Amino acid sequence: MSDLISAEKKKILVCCGTGCVANGSIKVYEEFIRHLSGLSDAAAVEAVVKSTGCNGLCERGPIVKIQPDDISYFKVRIEDVPEIIEKSVLDTKVVDRLLYHDNTTGKSFRSHKDTDFYKGQYKIALRNIGEIDPGNIDDYIVRGGYSALKKALFQLSPEEIIGIIKKSGLRGRGGAGFPTGMKWEECKNSEGSPKYVICNGDEGDPGAFMDRSIMEGDPNSIIEGMTVCAHAVGAEEGYIYIRDEYGLALKNMSAAIREAEKHGFLGEDILGSGMIFRINIVRGGGAFVCGESTALMASIEGKVGEPRAKYIHSTKKGLWGKPTVLNNVETWANIPEIINKGWEWFNSIGAEHGKGTKVFSLVGKVKNTGLVEVPLGTTLRELIMNIGGGIIGDRKFKAVQTGGPSGGCIPEKHLDLEVDFHSLESVGSMMGSGGMIVMDDRTCMVEVAKYYIKFLSEESCGKCIPCREGLRQMLNVLQGITRGEGKESDINLLLELGEMMKEASLCALGKTAPNPVITTIRYFMDEYLEHILNKNCPAGVCKPLTMFEIDEDLCRGCGICKKSCPADAIRGQLKAPHSIDVSRCIRCGSCIDICSFKAIHTARGAEK
Amino acid sequence: MYNFYDIVNKYERDRKHILAMLQDIQREYNHIPREAMNVLSEQLDVPLCKLYGIATFYKSLSLRPKGRNIIKVCDGTACHIRSSQLIMDELEKLLGIKPGETSRDGEFTLETVNCLGSCAIAPVMVINETYYGKVTPAKLRDIIKECGGKDNE
Chain V
1 MSDLISAEKK
11 KILVCCGTGC
21 VANGSIKVYE
31 EFIRHLSGLS
41 DAAAVEAVVK
51 STGCNGLCER
61 GPIVKIQPDD
71 ISYFKVRIED
81 VPEIIEKSVL
91 DTKVVDRLLY
101 HDNTTGKSFR
111 SHKDTDFYKG
121 QYKIALRNIG
131 EIDPGNIDDY
141 IVRGGYSALK
151 KALFQLSPEE
161 IIGIIKKSGL
171 RGRGGAGFPT
181 GMKWEECKNS
191 EGSPKYVICN
201 GDEGDPGAFM
211 DRSIMEGDPN
221 SIIEGMTVCA
231 HAVGAEEGYI
241 YIRDEYGLAL
251 KNMSAAIREA
261 EKHGFLGEDI
271 LGSGMIFRIN
281 IVRGGGAFVC
291 GESTALMASI
301 EGKVGEPRAK
311 YIHSTKKGLW
321 GKPTVLNNVE
331 TWANIPEIIN
341 KGWEWFNSIG
351 AEHGKGTKVF
361 SLVGKVKNTG
371 LVEVPLGTTL
381 RELIMNIGGG
391 IIGDRKFKAV
401 QTGGPSGGCI
411 PEKHLDLEVD
421 FHSLESVGSM
431 MGSGGMIVMD
441 DRTCMVEVAK
451 YYIKFLSEES
461 CGKCIPCREG
471 LRQMLNVLQG
481 ITRGEGKESD
491 INLLLELGEM
501 MKEASLCALG
511 KTAPNPVITT
521 IRYFMDEYLE
531 HILNKNCPAG
541 VCKPLTMFEI
551 DEDLCRGCGI
561 CKKSCPADAI
571 RGQLKAPHSI
581 DVSRCIRCGS
591 CIDICSFKAI
601 HTARGAEK
Chain X
1 MYNFYDIVNK
11 YERDRKHILA
21 MLQDIQREYN
31 HIPREAMNVL
41 SEQLDVPLCK
51 LYGIATFYKS
61 LSLRPKGRNI
71 IKVCDGTACH
81 IRSSQLIMDE
91 LEKLLGIKPG
101 ETSRDGEFTL
111 ETVNCLGSCA
121 IAPVMVINET
131 YYGKVTPAKL
141 RDIIKECGGK
151 DNE
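The listed protein sequences derive, respectively, from chains V and X.
Each step along the first sequence adds one to the number in my numbering, with nothing skipped, and position 61 is 61.
Each step along the second sequence adds one to the number in my numbering, with nothing skipped, and position 60 is 60.
Extracted from the complex, chain V is given alone in its bound form (with noise of 0.2 Å):
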């Protein structure tokens, strides 16, 4: 343990999570190791440089953090390290232009955790994430890691541990929300052996990417969960399946297991405690239907992922005919913390439908994208509109979607709903994965839902005829409205379609795809009826049914949209009024996105 670092230590974390790699951190993080060995200076060898998994907010990375001065730095470029160093590392000062400043205030904050977007959170599952270095086990044993693992395994009974995951309430965090402990009970009264336990690491709704997170960021967590689990029903061997495109995550996963072999948290013998429990990595092959739990076993199994139906629970059949466990990685995150600060300390966190936290991934058309992880009962407003920030330029919140393409979209009217298992599902949508896709006035719902049942159409197995034929008819509809052929009768084909679908399809991809079309015909019927009727797409998407057009009275003359105009469709003088040249114009609405006066509206396409 001789990695372990001392209190007056500096530490500079740099996040590595996928976002900010993509902005150049690895870059940024060399570059500190590269200017702390050249300096010599008695107080460089007393900082370590550390490269950490996602810190959430990557709208803003790269981040990088000074500990334990608790100094947070956002867009760091590599220009920027040798003040940092000087500044902040080998004194005490910060570097201000490179804190959070908040988009309306102006106010820069030494911290992140004092920022809005950090400051309604509560973390659980992602409570090593950005701190540690992913590939180093022991900060994950400093942060109180493993030590559930050895509370379970020599103060623990497994009926205890049950005990304990069944009274925190928790429940799975992948989509369906079984309660987990149920799910442990029914496999350790099973008949039949061996046993496996299972992470679902294949994360395939599109807008959700905490799975991938903390398996990039904290991967020693999840094999603690499946650990305890293995422990409490039996098990001697587990598998974690993991998404074909989340190379990183396959990497750090990887290497966290080996390190835990060596450190005797897995394998033979763990801890000395005679337990054995080995966990191999399935790569997913790249079919959304395989995170559906029987499809993903019949994948490990080296099968085609098809689904099967569930008349037998897979605790008592699963994986090889076996009796197996099969839970989400968020889920599994939560098991380490459940197990060390009790179930009570768990229940107590939370909504009456919904104990502990959620990570949710705050995207599309909000401020600060990122994830975040809040309370269950936490409003779909205070998520927005505070931690969020609100839409960005300030334009109309439109719409919300959660629980991807299995769910719904939300509308203003429902935006003080306090978000749980039920509440959504109430409304027509559902908690799911935990994606949360914000959608402003220049979201076209009807191209929305469209782009849902395409996906869907894609990526159904073909197994079942409700789900194969039924999506493949609702997409011909909903092609049909948006290209200017809708009919009226059309809703009611949808919805008729869509009811046949929830009642006859398979399984879960099936019965709850029509969720997107039925939820924005119930709520935005308006809008399906203006294409139908008028020919028109109020939101400036669907090309055929609409155009742009400049408001001369608005316009300042600025020039900005013409420069963005993709297709040099945009007349005008400097300082006049300009105008669309609609037989060039390709209907991408750059123009309307950029300008600051709001001078350009849509407008019936079909009149042209």
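Errors might be hidden in some of the hints.
Here's a subset of chain X near chain V, in silico, CB distances under 7 Å, partners left out [claimed, not checked]:
{"id": "1", "residue": "I18"}
{"id": "2", "residue": "F57"}
{"id": "3", "residue": "Y58"}
{"id": "4", "residue": "T77"}
{"id": "5", "residue": "L86"}
{"id": "6", "residue": "L94"}
{"id": "7", "residue": "G96"}
{"id": "8", "residue": "N114"}
{"id": "9", "residue": "C115"}
{"id": "10", "residue": "C119"}
{"id": "11", "residue": "A120"}
{"id": "12", "residue": "I121"}
{"id": "13", "residue": "G133"}
{"id": "14", "residue": "P137"}
It is worth saying that the hints were derived from the structure and are not from the lab.
Owing to the predicted nature of the structure, the values given are computational and were not obtained by experimental measurement.
Even glycine gets a Cβ: it sits at the ideal position worked out from N, Cα and C.
Put chain X on the given structure of chain V with help from the hints.
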């Protein structure tokens, strides 16, 4: 390059590792050659039609060779509502190929992907292993040049 028999043996000729074997072959050869299918079928005693089923079901596997640089444009929801379609349109123009196709010189394959989990920096694209965030049509030309692509225009 190693041979298909080595891959089969690496997994102890165990049928439950078919997907893993195919993924290894995909990684090594950029596609699944017909010959590899024959070897797997014979060695594992699995009908070719079953292997074909698996190879066409999973998106990460391809029966046709892919380009040296694989460009994946994310069309997840967050990227979609932040105009990922414009990025794709521009790339199609720049490279002269459509999604799913490979350029004639074998340099680029263009693909859409459902979500890369980098929604906070949407719209996103990935070339090989490198992520590019907040991509605009204007930035594309430089990014493609960086990868050794010729400017087709």
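Cross-check of the supplied hints:
The beta carbon of I18(X) comes within 4 Å of a beta carbon in chain V, closer than 7 Å, and the hint placing it at the interface holds. Against a cut-off of 7 Å between C-beta atoms, the interface hint on F57(X) holds, since the closest Cβ of chain V lies about 5 Å away. Because the beta carbon of Y58(X) sits about 3 Å from the nearest beta carbon in chain V, less than 7 Å, this interface hint is met. Residue-level restraint check for T77(X) holds (minimum Cβ-Cβ distance to chain V is 4 Å; threshold 7 Å).
The interface hint given for L86(X) holds, since its Cβ lies 6 Å from the closest Cβ of chain V, which is under the 7 Å cut-off. Interface restraint check for L94(X): the shortest CB-CB distance to chain V comes to about 12 Å, outside 7 Å, so the restraint is violated. Against a cut-off of 7 Å between C-beta atoms, the interface hint on G96(X) is violated, since the closest Cβ of chain V lies about 18 Å away. Residue-level restraint check for N114(X) holds (minimum Cβ-Cβ distance to chain V is 5 Å; threshold 7 Å).
Because the closest C-beta pair between C115(X) and chain V is about 4 Å apart, less than 7 Å, the hint holds. Proximity of C119(X) to chain V holds as hinted, the smallest CB-CB distance being about 4 Å (cut-off 7 Å). With its C-beta approaching chain V no nearer than about 3 Å, A120(X) sits inside the 7 Å limit, and its interface hint holds. Taking 7 Å as the C-beta cut-off, the interface hint given for I121(X) holds, the closest approach to chain V being about 5 Å.
Hint on G133(X) holds. Least Cβ distance to chain V is approximately 4 Å, under the 7 Å limit. A least Cβ separation of about 6 Å between P137(X) and chain V falls short of the 7 Å threshold, and the interface hint therefore holds.
Of the numbered hints listed earlier, those contradicted by the structure are 6, 7.
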